Amino acid sequence: MTATAVIADDEPLARRKLRELVAEVPWLTCVGEAADGLETLQQVDAAKPDVLFLDIQMPGLSGLEVLARATHVPTVVFTTAYDRYAVAAFELQALDYLLKPFGRRRFLAAIERVREAMERHGAPQPLERAQEALDPGRYLTRLFVRDRGRIVPIRIADIQRLEARDDYVAVHLAGGRHLVHMPMSEFARRLDPERFLQVHRSHIVNLDHVQALVPYDGSRLQVELRDGTKIMASRVRSKLLRHEAV
Amino acid sequence: MIPPRAARSVAARFRPIAMPWLAYAVAWVPFAILELVSDALQAAGTSSFGDLLDTALSRTVISALLGVGVWWLSGRIHFPDRGRARFYVVQLVLALMFALLWNGIWILRWAVQAGWSAAFSTTNDAAWLGWQIMMGVWLYLLIAGISYTLRVHRLLREKEVAAARSEALAMRSQLAALRSQLNPHFLFNSLHSLSTLVRHDATTAEEALGRLGDLLRYALDGAESEDVLLLREWDFTRNYLALEALRLGERLRLTTDIDERALDHEVPSFVLQPLAENAIRHGIAPRPEGGRMAITVREWPDHLLLRVEDDGQGATPDCAGNGRGHGLRVLRQRLDARYGDRARLEVVTAPGQGFAVTVRLPTNGAPAPDREGE
Numbered sequence: 001m002t003a004t005a006v007i008a009d010d011e012p013l014a015r016r017k018l019r020e021l022v023a024e025v026p027w028l029t030c031v032g033e034a035a036d037g038l039e040t041l042q043q044v045d046a047a048k049p050d051v052l053f054l055d056i057q058m059p060g061l062s063g064l065e066v067l068a069r070a071t072h073v074p075t076v077v078f079t080t081a082y083d084r085y086a087v088a089a090f091e092l093q094a095l096d097y098l099l100k101p102f103g104r105r106r107f108l109a110a111i112e113r114v115r116e117a118m119e120r121h122g123a124p125q126p127l128e129r130a131q132e133a134l135d136p137g138r139y140l141t142r143l144f145v146r147d148r149g150r151i152v153p154i155r156i157a158d159i160q161r162l163e164a165r166d167d168y169v170a171v172h173l174a175g176g177r178h179l180v181h182m183p184m185s186e187f188a189r190r191l192d193p194e195r196f197l198q199v200h201r202s203h204i205v206n207l208d209h210v211q212a213l214v215p216y217d218g219s220r221l222q223v224e225l226r227d228g229t230k231i232m233a234s235r236v237r238s239k240l241l242r243h244e245a246v
Numbered sequence: 001m002i003p004p005r006a007a008r009s010v011a012a013r014f015r016p017i018a019m020p021w022l023a024y025a026v027a028w029v030p031f032a033i034l035e036l037v038s039d040a041l042q043a044a045g046t047s048s049f050g051d052l053l054d055t056a057l058s059r060t061v062i063s064a065l066l067g068v069g070v071w072w073l074s075g076r077i078h079f080p081d082r083g084r085a086r087f088y089v090v091q092l093v094l095a096l097m098f099a100l101l102w103n104g105i106w107i108l109r110w111a112v113q114a115g116w117s118a119a120f121s122t123t124n125d126a127a128w129l130g131w132q133i134m135m136g137v138w139l140y141l142l143i144a145g146i147s148y149t150l151r152v153h154r155l156l157r158e159k160e161v162a163a164a165r166s167e168a169l170a171m172r173s174q175l176a177a178l179r180s181q182l183n184p185h186f187l188f189n190s191l192h193s194l195s196t197l198v199r200h201d202a203t204t205a206e207e208a209l210g211r212l213g214d215l216l217r218y219a220l221d222g223a224e225s226e227d228v229l230l231l232r233e234w235d236f237t238r239n240y241l242a243l244e245a246l247r248l249g250e251r252l253r254l255t256t257d258i259d260e261r262a263l264d265h266e267v268p269s270f271v272l273q274p275l276a277e278n279a280i281r282h283g284i285a286p287r288p289e290g291g292r293m294a295i296t297v298r299e300w301p302d303h304l305l306l307r308v309e310d311d312g313q314g315a316t317p318d319c320a321g322n323g324r325g326h327g328l329r330v331l332r333q334r335l336d337a338r339y340g341d342r343a344r345l346e347v348v349t350a351p352g353q354g355f356a357v358t359v360r361l362p363t364n365g366a367p368a369p370d371r372e373g374e
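Top to bottom, those sequences are chains A and B.
Reminder that position 206 of the first sequence reads as 206 in my numbering, one-by-one numbering, no gaps.
Reminder that position 111 of the second sequence reads as 111 in my numbering, one-by-one numbering, no gaps.
Among the hints, erroneous ones may be present.
Unchecked claim - Stretch by stretch, here's where chain A covers chain B in the computed footprint (C-beta under 8 Å, at least three residues):
(1) 127 to 140
(2) 193 to 199
(3) 237 to 248
Please keep in mind that the hints were generated in silico from the structure rather than gathered at the bench.
Source: prediction; values computed, not measured.
Each residue gets a CB set at the ideal place from its N, CA and C atoms; glycine is no exception.
Hey, can you work out the whole structure from these sequences and the hints?
So this is what it looks like as structure tokens:
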């Protein structure tokens, strides 16, 4: 397999690093570089690369604006130094990204994933995923998780509940659970509050899957889900729930 | 599914009001017993138990009711931090007034029950009256004493809580300041640039790492010490700019005009670097072609002048809706608190016309006059 790549980053040293790393990959050839949004757009449409390394913060057009305007759609590996919102979006959509500073090992891991995806599907990743997740005005309708090298789509409505587990969020479905690497608070921001209810610091439930709210003791409620799971709401949340329900 | 709230809430609502009154009533029980016992000893069998109980209870009720007034009054007249002599005089006068009122009501009640002549025949005794007045004064002082003790105690606890809260606030704002000083975007991008440099230009990378170390040290220390030599702030700013130059390459075109004499004046920390960072973030980095920045430091006979200009897109003069607004506001507040109106921060800008910030600091270095008590 052979593929072409374009590197887009406003910082010269960051471009140099990617150029050198790409040169180490036998099947990948760098066919263009861009230092700002507009130049990236021109390069992508002119060189039609298979892979685009895209810094999401660039002068001129942002990385996302570039993708929205480009006519050619490459497989994108996002790069960013510090943007919690974007990183959460990439995690939720199982998009490939590199956090700066990165070295050879992480670059090669990311590029290996790209190669597997390209060999399996032949076609690049759909970019609507990035756009949906990065649009701050929209709640998620679908997310994507990695499962043994595959990318599995999950309808938000099918999620029964979410549970904070250390640095991860466990997404519970009827058929099992998936782990997504991100803070609970970031996840909560992307969910429709009409449907998802935070009942505890580390528990969010989907109201469509809730059977009943049962008083447990004087100050707490227990949430019973249709599948029989019971979750204790915290005192503070129980109080809020009572006020909302009465 | 949700438990009924109505039944619970009546009791719950009643409790906070009823409890203090109940405690107050209970506190008077020993007084009633004391009255009963002392009257019984004095009467030595000449009065029936019913009469004695009647006397003791009515005296207790009168005292308790007047006591409510004392309690209320002690809430109005605050225990002073200074000038307590006046407070004590006022309290003594009030105690006397309380004693007169207390006895007046008692005599009135006696007269209503037993007729005026019976009441006056006993109360005309000067020794008895003097004793009664003393009792009244003691009673007042006791109630007021307890009331003030409780109030001062509560006040102290509230002060403690407030002090703890303001300390937490100060800590949080210090942390926020630290975090904004260490702009993570800058930090991680710089690290990324450095990780590229180490492969090709070890000398430059080493130097840049040294700069980054100095920068972090200053940012960490700066949260503690308010004033620094301008020399240190300028070094910090230079380190910052050198790292930005590494990232931005030719897009950053910097000219500096530094008056060496100005550098040994003391200035608030973070007075210059945030202006330079603002210029880069808002004036230079957003433009593909980059831009110019000019930094001027001058010593004048009565003040220092610090100026940072860029030729970027500028803003409307009030800076509303511009990311720079916040940083400038914080700096202005800090200068205000430190120097009052002896320091100036001026912004000259217009859309498309670049952005220039000038800070003027008084050079005699003395902090603003203590404005406490104004």
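To see whether the hints hold, each was checked on the structure:
1. For the segment 127 to 140 of chain B, the proposed coverage by chain A is not satisfied: 0 residues have a C-beta within less than 8 Å of a C-beta in that chain, short of the threshold of three.
2. Here the segment 193 to 199 of chain B counts 6 residues with a CB under 8 Å from a CB of chain A, which clears the bar of 3, and the coverage holds.
3. Evaluation of the coverage hint for the segment 237 to 248 of chain B: fulfilled, as 3 residues show C-beta separations to chain A shorter than 8 Å, against a requirement of three.
Violated hint for the displayed structure: number 1, the only one.
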